[in-house]
Amino acid sequence: GESVGLHLPTLSVQEGDNSIINCAYSNSASDYFIWYKQESGKGPQFIIDIRSNMDKRQGQRVTVLLNKTVKHLSLQIAATQPGDSAVYFCAENIKGNKLVFGAGTILRVKS
Amino acid sequence: ETGVTQTPRHLVMGMTNKKSLKCEQHLGHNAMYWYKQSAKKPLELMFVYSLEERVENNSVPSRFSPECPNSSHLFLHLHTLQPEDSALYLCASSPNHRYGYTFGSGTRLTVV
Chain C
1 GESVGLHLPT
11 LSVQEGDNSI
21 INCAYSNSAS
31 DYFIWYKQES
41 GKGPQFIIDI
51 RSNMDKRQGQ
61 RVTVLLNKTV
71 KHLSLQIAAT
81 QPGDSAVYFC
91 AENIKGNKLV
101 FGAGTILRVK
111 S
Chain B
1 ETGVTQTPRH
11 LVMGMTNKKS
21 LKCEQHLGHN
31 AMYWYKQSAK
41 KPLELMFVYS
51 LEERVENNSV
61 PSRFSPECPN
71 SSHLFLHLHT
81 LQPEDSALYL
91 CASSPNHRYG
101 YTFGSGTRLT
111 VV
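For the record, the sequence lines run as chains C and B.
Residues 1 to 111 (this note's numbering) make up the first sequence, in order.
Residues 1 to 112 (this note's numbering) make up the second sequence, in order.
Rather than coming from a laboratory, the hints here were simulated on the basis of the structure.
Some hints could be false.
Stated by the list, open to error - Which residues of chain B face chain C? A partial, calculated answer using Cβ under 10 Å: (1) Gln-6; (2) Arg-9; (3) Tyr-33; (4) Leu-88; (5) Ala-92; (6) Ser-94; (7) His-97; (8) Phe-103; (9) Ser-105.
To be verified - List time: in silico DSBU-like cross-link candidates among lysine-lysine, alpha-carbon distance up to 35 Å: (10) C/Lys-68 <-> C/Lys-110; (11) B/Lys-18 <-> C/Lys-37; (12) C/Lys-98 <-> B/Lys-18; (13) B/Lys-36 <-> C/Lys-56; (14) B/Lys-18 <-> B/Lys-40; (15) C/Lys-37 <-> B/Lys-36; (16) B/Lys-22 <-> C/Lys-42; (17) B/Lys-18 <-> C/Lys-42; (18) B/Lys-41 <-> C/Lys-56.
Unchecked claim - Derived Cβ-Cβ restraints for the label pairs, each shown as a range: (19) C/Gln-81 <-> B/Lys-41: 26 to 32 Å; (20) C/Asn-27 <-> B/Lys-41: 15 to 21 Å; (21) C/Asn-27 <-> B/Asn-96: 15 to 21 Å; (22) C/Arg-57 <-> B/Lys-41: 24 to 30 Å; (23) C/Ala-78 <-> B/Val-112: 42 to 48 Å; (24) B/Pro-69 <-> C/Ala-79: 45 to 51 Å; (25) C/Ala-78 <-> B/Lys-41: 25 to 31 Å; (26) C/Val-70 <-> B/Gly-14: 45 to 51 Å; (27) B/Ser-62 <-> C/Ala-78: 46 to 52 Å; (28) C/Lys-71 <-> B/Ala-39: 23 to 29 Å; (29) B/Arg-63 <-> C/Gly-41: 23 to 29 Å; (30) C/Lys-68 <-> B/His-79: 44 to 50 Å.
By construction, the Cβ of each residue, glycine as well, lies at the ideal position given by its N, Cα and C atoms.
Please take these sequences and the hints and turn them into a complete structure.
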């Protein structure tokens, strides 16, 4: 069945460094992907999305890369700040079906 | 505030209690969802409502009973829960099933 998973459960980075959070998906029919950020005590918040007809999409300090050949999705955060500390989820969507979420990666930013 | 409000934020209940979780959205969204978030596990979709009609029930035990009286409100009625039901319960809404999911802050439920 469809599944979305994350390679690293916890990522620790130094403040100011770049962060890369990875996600693998198994369903080649998935055509829309989303990254969410969940801070302590809050629900998941939308960060950035990408459609399957794109390889890269940039936002403010964040970039999402999609490699459909290996079914891999990554979130890059430039100049990581303490406020970036959170759990990050990827989610996939297959043509109008509900989102399928991954387990999440904890990002810890060291000052 | 995200536009999706959940109450209460925290709830402790005994296994024989009956309680309800409330979710409210004023984003004009047509779909509303209940998710269960347990430690180190993916978000588990419990129920989906589209235009106030339940369209999905993911094999959730009957001790969880959803209610959607209108497009802005969603409830999750709880009764005779088990300790393993302790989790963060998240409500979300979206204009359709594909885009624009907005989550509430969740209700942290502890069953004792």
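These are the hints, each one checked on the structure:
Because the closest C-beta pair between B/Gln-6 and chain C is about 8 Å apart, less than 10 Å, the hint holds. Checking B/Arg-9 against chain C: minimum C-beta separation of about 8 Å stays under 10 Å; hint holds. Restraint check, B/Tyr-33 versus chain C: the minimum CB separation of about 8 Å is within 10 Å; hint holds. The interface hint given for B/Leu-88 holds, since its Cβ lies 9 Å from the closest Cβ of chain C, which is under the 10 Å cut-off.
Because the beta carbon of B/Ala-92 sits about 7 Å from the nearest beta carbon in chain C, less than 10 Å, this interface hint is met. Because the beta carbon of B/Ser-94 sits about 9 Å from the nearest beta carbon in chain C, less than 10 Å, this interface hint is met. Evaluation of the B/His-97 hint against chain C yields a held restraint, the C-beta minimum of about 6 Å falling below 10 Å. Taken as an interface hint, B/Phe-103 checks out: its beta carbon lies about 3 Å from the nearest beta carbon of chain C, inside 10 Å.
A cut of 10 Å between beta carbons decides the hint on B/Ser-105: the least distance to chain C is about 5 Å, and the hint holds. Restraint check for C/Lys-68 and C/Lys-110: satisfied, since their Cα atoms lie roughly 32 Å apart, inside the 35 Å limit. Of the supplied pair hints, the one linking B/Lys-18 and C/Lys-37 holds, its CA atoms being roughly 32 Å apart against a limit of 35 Å. Distance restraint check for C/Lys-98 and B/Lys-18: the Cα-Cα separation of roughly 29 Å lies within the 35 Å cut-off, and the hinted pair is therefore satisfied.
At roughly 31 Å between alpha-carbon atoms, B/Lys-36 and C/Lys-56 fall within 35 Å of each other, so this suggested pair holds. The hinted pair formed by B/Lys-18 and B/Lys-40 meets the criterion: a straight-line CA distance of about 27 Å does not exceed 35 Å. A threshold of 35 Å between alpha carbons decides the hint, and for C/Lys-37 with B/Lys-36 the separation of about 17 Å falls inside it, so the pair holds. The suggested pairing of B/Lys-22 with C/Lys-42 holds, with an alpha-carbon distance near 16 Å, which does not exceed 35 Å.
At most 35 Å may separate the alpha-carbon atoms for a hinted pair to count; B/Lys-18 and C/Lys-42 meet this at roughly 25 Å. For the suggested pair B/Lys-41 and C/Lys-56, the alpha carbons sit about 28 Å apart, so the restraint of at most 35 Å is met. For C/Gln-81 and B/Lys-41, the hinted distance range of 26 to 32 Å is satisfied, since their beta carbons lie about 28 Å from each other. Taking the beta carbon of each, C/Asn-27 and B/Lys-41 are about 19 Å apart, inside 15 to 21 Å as hinted.
Taken as a hint, the range 15 to 21 Å holds for the pair C/Asn-27 and B/Asn-96, whose Cβ atoms sit roughly 20 Å apart. Checked against the given bound of 24 to 30 Å, the beta carbons of C/Arg-57 and B/Lys-41, roughly 28 Å apart, stay inside it. Here the CB-CB span from C/Ala-78 to B/Val-112 is close to 45 Å, well matched to the stated 42 to 48 Å. Between B/Pro-69 and C/Ala-79 the Cβ separation comes to about 46 Å, which falls inside the hinted range of 45 to 51 Å.
Evaluation of the 25 to 31 Å hint for C/Ala-78 and B/Lys-41 yields a pass: the beta carbon distance comes to about 30 Å. Hint check: C/Val-70 to B/Gly-14, Cβ distance near 49 Å, so the stated range 45 to 51 Å holds. For the pair B/Ser-62 and C/Ala-78, the beta carbons lie near 48 Å from each other, so the given range of 46 to 52 Å is met. Evaluation of the 23 to 29 Å hint for C/Lys-71 and B/Ala-39 yields a pass: the beta carbon distance comes to about 26 Å.
For B/Arg-63 paired with C/Gly-41, a C-beta distance near 26 Å keeps the hint of 23 to 29 Å intact. Between C/Lys-68 and B/His-79 the beta carbon distance is about 46 Å. The supplied range of 44 to 50 Å therefore holds.
Against the hints set out earlier in the document, no violation occurs for any number.
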